[in-house]
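Hey, can you work out the whole structure from these sequences and the hints?
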Amino acid sequence: MDQQPTHSGSLLDDAFLQSLERLSLLARLPASGGAGGEHRSRARAESTEFVDYRGYVPGDDLRRIDWNAYRRLGALHVKLAEAREHLALHLLVDCSASMDWGTPNKLAYARGLAAALGYLALRHNDLVSVACLGQHSRALAGLRGRARVADLLRFLDVVAPDGPLDLGACIAQLPVWRRRIGLVVLISDALGPDQALARSLDWLLTAQLDVVLVHVLSPQELAPEPGGDVEVVDAETAEVVEVGLSQASLADYHRRLDTWLAEVESACWQRSVRYVRVRTDDSLESVVLGRLRETRVLA
Amino acid sequence: MNLLEPFGLLALALAPVVLVLHLLRGSRQRRVVPSVTLWRGAARQVTARAGWRRPPLGVLLLLQLAFLLIGSLALARPALPAGPADHLIVVLDGSASMQAIDPGQTHTRFEIARQRAASLLEQVQPGADVTLIRAAASADVLASTSDRASLTDALSTAAPDSLAADLPAALALAADLANQHPRATNQVVVVSDGAYPPLDGVELGTLAVRFVAVGNSGENQAVSDVSARRSSFGGETLEGFARIVNFADHPVEANVEAAADGVPLAPRRVSLAARSQVGQTFSLPPSTRRFGVRLGPGDALALDDAAEVDVQAGSRTTALLVAAQPHPLETALRALPGWDVSVVTPQAYTTASPADLVVFDDFLPPSLPAAPVLIVDPPPGSPLLSVAGQIDGVEATDLDRASPLLAGVDADAVRFGGPSVDALPSWAQPVAAAGTTQLIFSGQLNGQRVAALAVDPRLDGLARANAFPLLVANTVDWLAVRNVRVAPPIDVTPQPHPELTRAGAAPPAEGLPREVWPLLAVLVVAVCACEWWYDARHG
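Here the protein sequences line up with chains E and L, keeping their order.
Numbered as in our numbering, the first sequence ends at 364 without a single skipped number.
Numbered as in our numbering, the second sequence ends at 667 without a single skipped number.
Just so you know, the hints here were simulated from the structure itself, not pulled from any lab data.
Fair warning: there could be bad hints in the mix.
As the list claims (entries may be wrong) - Only part of the chain E face toward chain L is listed, based on derived beta-carbon distances under 7 Å:
#1 Ser163
#2 Asp299
#3 Ala300
#4 Glu304
#5 Tyr318
As the list claims (entries may be wrong) - Residues of chain L placed beyond 10 Å of chain E at every Cβ, according to the derived structure:
#6 Ala139
#7 Gln233
#8 Arg244
#9 Leu291
#10 Pro310
#11 Thr365
#12 His378
#13 Ala434
#14 Leu464
#15 Ala524
#16 Arg529
As the list claims (entries may be wrong) - What follows is a list of derived Cβ distance ranges for each label pair:
#17 Val148/L x Glu328/E: 41 to 47 Å
#18 Asp663/L x Ala288/E: 18 to 24 Å
#19 Glu304/E x Val148/L: 23 to 29 Å
#20 Cys658/L x Pro258/E: 42 to 48 Å
#21 Arg321/E x Glu643/L: 51 to 57 Å
#22 Glu328/E x Cys658/L: 36 to 42 Å
#23 Gln200/E x Val148/L: 41 to 47 Å
Owing to the predicted nature of the structure, the values given are computational and were not obtained by experimental measurement.
Note that the Cβ used here is the ideal one computed from N, Cα and C, for glycine as well.
Quick look at the structure:
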């Protein structure tokens, strides 16, 4: 159960960035990142993309009258076109103390994943905000365009573990979505007080946000090694538990782990939250180019 | 069940230490984990600051206490009582008399004793210990084991010797060996012809002893005291002398054959009364160098039926007289033809002084020289002879008139005075005694002939009597005989020896306890294995 340092070099390499050029985020809800984007919007905006008719009311733009429909139907109808807006992507990175653990380190992995998704969105001119959730959360909002990639990476590069975290309370206090709804990608190990994850998801859903939970786990959490008697100390609460790392104890741990993983996935499924579980020893490329596309987070 | 080493249970005092070690919250390796949520429940959860905890009555503690209990018990050497074991000690008489063949028998007494001992072995319970002792000049343990094959081998290779048996030493050895088996039923069986005096002084303790007799007759005649001398009164006459002994309880007629340098002399038939001895004189050619006497066959023991002696004809011999006052002994010695006499004072005497005969007058060295010795007027304080007090003007009351020392000596007319020797040395035979006082005795010591005139020739006119020079001449002639090849005469008459039949003490109620610690040691190993398995399985 060793740990890796969280601050290390470049988050993304050039080859990976090139592969991201071909991808785009998939939001299940209409975008609201501003007109002119590539994502479907709720608004009916001027556009060449016809989607429906409605009856003419005085004041409508005469250029929108469908004269073919008038000849067919004998009544005036105006064409409705779907507005295309930019996607608002909210990247929430769990920076609690429990993320600063594992080989490879979970927090470093989360930073890399957030950088990849943020870069992808900025390349498509989407609106990006990123927040590091911890005891003293901090956020960076209003990023748009390729020119802001450097700002994103600089922000993520100095991410550090930040004590215990109550996910629900922390997310509710973030200012980033006071004005924008959109796609929330929560990158977390989902470890925290009981029901904290459920509360955070519920809050996000009431804000009408499309939520994706990327559940990050280290290989050592999934398969701890046997050993003698040890005292395990909680990284966030400093609680101490004596355990004997015998085969029986580890079997019991695996049972509890499987139950907990199922509960997390079930909580997401019940709330129509897209759930992606990743291991820190999975390459970013395989997750971004594979798992996230399989789960329709990316296209 | 008994505990042979109860102090072994003191190891149980370690039990509180084991408990304390389980109570103490030992230091464990600390590991930070993302969350302890998944480790709760199955783990032993404790408050981080607690130094002590409730005693965990787990399998590990119970196994360790079981290890301590069984180990302590093993150290205490518990033993189960066992029935008494048998220990048979067979003393086999290996003396010269056991070589006798009794009338009507084809085997020697020793062979018959071997067969009797073999039958005793067959009657012993399997697993019982048996000790075989051969009683000869020394007591030898032939075997001491429960293995029948080893005992049979030892018995088959045993053999007698040509000397008397030291039965007291053999019985003392048997008693010692019995003491080494305190929990066994010890029994001593003496297989012997009993041809020795009663053993009343032998200490047998509480041993049970049984006497198995072999042999049934004393039909033995022997040749003893073979000698040859040139006449002490001059001339070239050479005489051979032999004594014939009859140990039988009835008169016998013995065929006596003599030879001078291998040339047979005229055989003669000698009549011997019951338990008597007679001397025989033979005229030998002057040039005879070897004289031998043999008895005809027919007696029980042939070992002592022949003897021969080398005769030094025509050569002068040297006599060394060690005396502060050499007279009258020097005069008597110088009168002997063929003798060169030299005299030294006791202070000048050394054992390196070569002589064919050494005479000590009123002096005895710490050890006798390697030559025939004549002791006259022995002084008190010598370890060689026990001299206590003085005698004066005593008459000899017990005379061995057949002794060559008294040949022609009118000992009845002589009075003796001088040292009082009350104890006859073990190497000597009495020749003349006055009650319990030994006056004249002779024998062999360390392979040499020794004679003692325990009288002062200067007292009571002995030196002036005709008996004195004759006594000196006879004694010197007897002493000066060289290279005598003769076995001592052996009385093979069996004796019953009731003192060697006794019931002994009651056998012990129980034998050697059977210890069970090997079983406990196996249990300890099993408990250790369980503890190791449990620790590996459960941590």
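Status of the hints after comparison with the structure:
no.	hint	verdict
1	Ser163	holds, 4 Å
2	Asp299	holds, 4 Å
3	Ala300	holds, 5 Å
4	Glu304	holds, 5 Å
5	Tyr318	holds, 6 Å
6	Ala139	holds, 27 Å
7	Gln233	holds, 86 Å
8	Arg244	holds, 74 Å
9	Leu291	holds, 79 Å
10	Pro310	holds, 55 Å
11	Thr365	holds, 113 Å
12	His378	holds, 100 Å
13	Ala434	holds, 94 Å
14	Leu464	holds, 107 Å
15	Ala524	holds, 104 Å
16	Arg529	holds, 106 Å
17	Val148/L x Glu328/E: 41 to 47 Å	holds, 43 Å
18	Asp663/L x Ala288/E: 18 to 24 Å	holds, 23 Å
19	Glu304/E x Val148/L: 23 to 29 Å	holds, 28 Å
20	Cys658/L x Pro258/E: 42 to 48 Å	holds, 43 Å
21	Arg321/E x Glu643/L: 51 to 57 Å	holds, 54 Å
22	Glu328/E x Cys658/L: 36 to 42 Å	holds, 39 Å
23	Gln200/E x Val148/L: 41 to 47 Å	holds, 43 Å
Comparing the model with each earlier hint shows no violations; every hint is respected.
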